[in-house]
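**Q** Listed below are the residues making up each chain.
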Amino acid sequence: MADPMKIRAAMTDDVIEVKVLMSHPMETGQRKGADGAVVPAHFIQQVTATCNGKTVMSAQWGASVSKNPFLSFKFKGAAKGDKVIVTWVDTKADTRSDEGVIA
Amino acid sequence: MNLNRRQLLKSGGNASLLAVLMGAGLLKPGFAFAADWNKSAFSATDLAGAIKGMGGSEPTPSTEISFTAPDIAENGAVVPVSITSKIPNTQSISVFVEKNPNPLTAVFEIAEGTEPTITTRVKMGQTSNVYALVKADGKFHSAVKEVKVTLGGCGG
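Protein sequences appear in the order of chains S and H. Position 93 (the first sequence) corresponds to 93 in this note's numbering; numbering is contiguous. Add 1000 to the 1-based position in the second sequence for this note's numbering, that's all there is to it.
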């Protein structure tokens, strides 16, 4: 299990801006390690964000998203105090889910 | 008929690749790729192939996409990109780095009620054109920007 994500959700007027910082190596499968062997690919493939049971953003990623990915998006239709839940699934079928409270 | 042949070749290719990956222990048997991860789009090596994988055709250049990326990236491992679409009914926003080995970087599905704006960070192997692709009403629109990558240089 990977380290927790940092999630900030801030509301201005009726728009909620969510910023997510994930902790993940995002190996492309192209890089060689110190021993000269290719480091196998290991990256996040799918990211989903839900709020009040509704999917507000879903993404599919390839290997060329940066290490420890950062993501920010905006949505409407929630109130302060609601929770935004972000889930990712990677190529090893590891998954992690964290939540942030809208402030 | 031609199309059938193409599809057959494509599926055959994918199956053998999968077998190789499994053999190398990269994929646990029994675990297929995450449900609807768009393998054909992400393994495409050119813009047309990636868009075809997403079920679209030739994108039309659009000035309605505001696309922010640095002119010069000193560190190709972390290139911030920001895309905002002003096209109505935006369904998805994608990032495509032309000269990366797997150019399609990310596809963000925009749900109803979600603003069509995305910020993230991507890796770039070398100086390349970066495309922002916006799917709206089933059609693809694009904006392009060249990002120069200076690896280990002094920012020149």
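By construction, these hints were calculated from the structure, which means they are not laboratory data. One should not assume that every hint holds.
Short, incomplete list of chain S residues facing chain H, as computed with Cβ under 8 Å [unchecked claim]:
hint, residue
1, 11
2, 15
3, 59
4, 69
Across the chosen pairs, the derived CB separations fall in these ranges [said to hold, decoys possible]:
hint, chain 1, residue 1, chain 2, residue 2, range
5, S, 82, H, 1058, 39 to 45 Å
6, H, 1086, S, 23, 31 to 37 Å
7, H, 1048, S, 103, 42 to 48 Å
8, H, 1045, S, 101, 40 to 46 Å
9, H, 1148, S, 4, 31 to 37 Å
10, S, 14, H, 1086, 27 to 33 Å
11, H, 1080, S, 48, 36 to 42 Å
12, S, 23, H, 1082, 17 to 23 Å
Example chain S residues on the side facing chain H (calculated, C-beta under 8 Å, incomplete) [stated by the list, open to error]:
hint, residue
13, 55
14, 75
15, 96
Ideal placement from N, C-alpha and C gives every residue a C-beta, glycine not left out.
**Q** Take a look at whether the Cβ-Cβ distance between residue 23 of chain S and residue 1082 of chain H falls inside 17 to 23 Å.
**A** Roughly 22 Å apart at Cβ, these two residues keep to the hinted range, so it holds.
**Q** Is the shortest C-beta separation between residue 96 of chain S and chain H less than 8 Å?
**A** violated, 14 Å
**Q** Measuring from beta carbon to beta carbon, are residue 1148 of chain H and residue 4 of chain S in 31 to 37 Å?
**A** holds, 35 Å
**Q** A closest beta-carbon separation below 8 Å is what the hint needs, so does residue 11 of chain S meet it against chain H?
**A** Violated: closest Cβ of chain H sits about 13 Å from residue 11 of chain S, beyond 8 Å.
**Q** Taking the Cβ atom of residue 1086 of chain H and the Cβ atom of residue 23 of chain S, is their distance within the range 31 to 37 Å?
**A** 33 Å Cβ-Cβ, so the 31 to 37 Å window holds.
**Q** Does 42 to 48 Å hold as the CB distance between residue 1048 of chain H and residue 103 of chain S, or does it fail?
**A** Hint holds: Cβ distance 44 Å, inside 42 to 48 Å.
**Q** Have a go at the residue 75 of chain S hint: is there a Cβ in chain H nearer than 8 Å to its own Cβ?
**A** Result: holds, 4 Å to nearest chain H Cβ.
**Q** Measuring from the C-beta of residue 59 of chain S to each C-beta in chain H, is the shortest one below 8 Å?
**A** Nearest chain H Cβ about 4 Å off; hint holds.
**Q** Using the beta carbons of residue 1080 of chain H and residue 48 of chain S, state whether their distance is inside 36 to 42 Å or not.
**A** Violated - the Cβ-Cβ distance for residue 1080 of chain H and residue 48 of chain S, about 22 Å, lies outside 36 to 42 Å.
**Q** Against chain H, run the beta carbon of residue 69 of chain S and see if the smallest gap drops under 8 Å.
**A** Interface hint status for residue 69 of chain S: holds (7 Å vs cutoff 8 Å).
**Q** Given the range 27 to 33 Å, decide if the beta-carbon distance of residue 14 of chain S to residue 1086 of chain H lies inside it.
**A** violated, 19 Å
**Q** Is 40 to 46 Å a correct range for the gap between the Cβ atoms of residue 1045 of chain H and residue 101 of chain S?
**A** holds, 42 Å
Checked against the numbered hints listed earlier, the structure breaks hints 1, 10, 11, 15; every other hint is satisfied.
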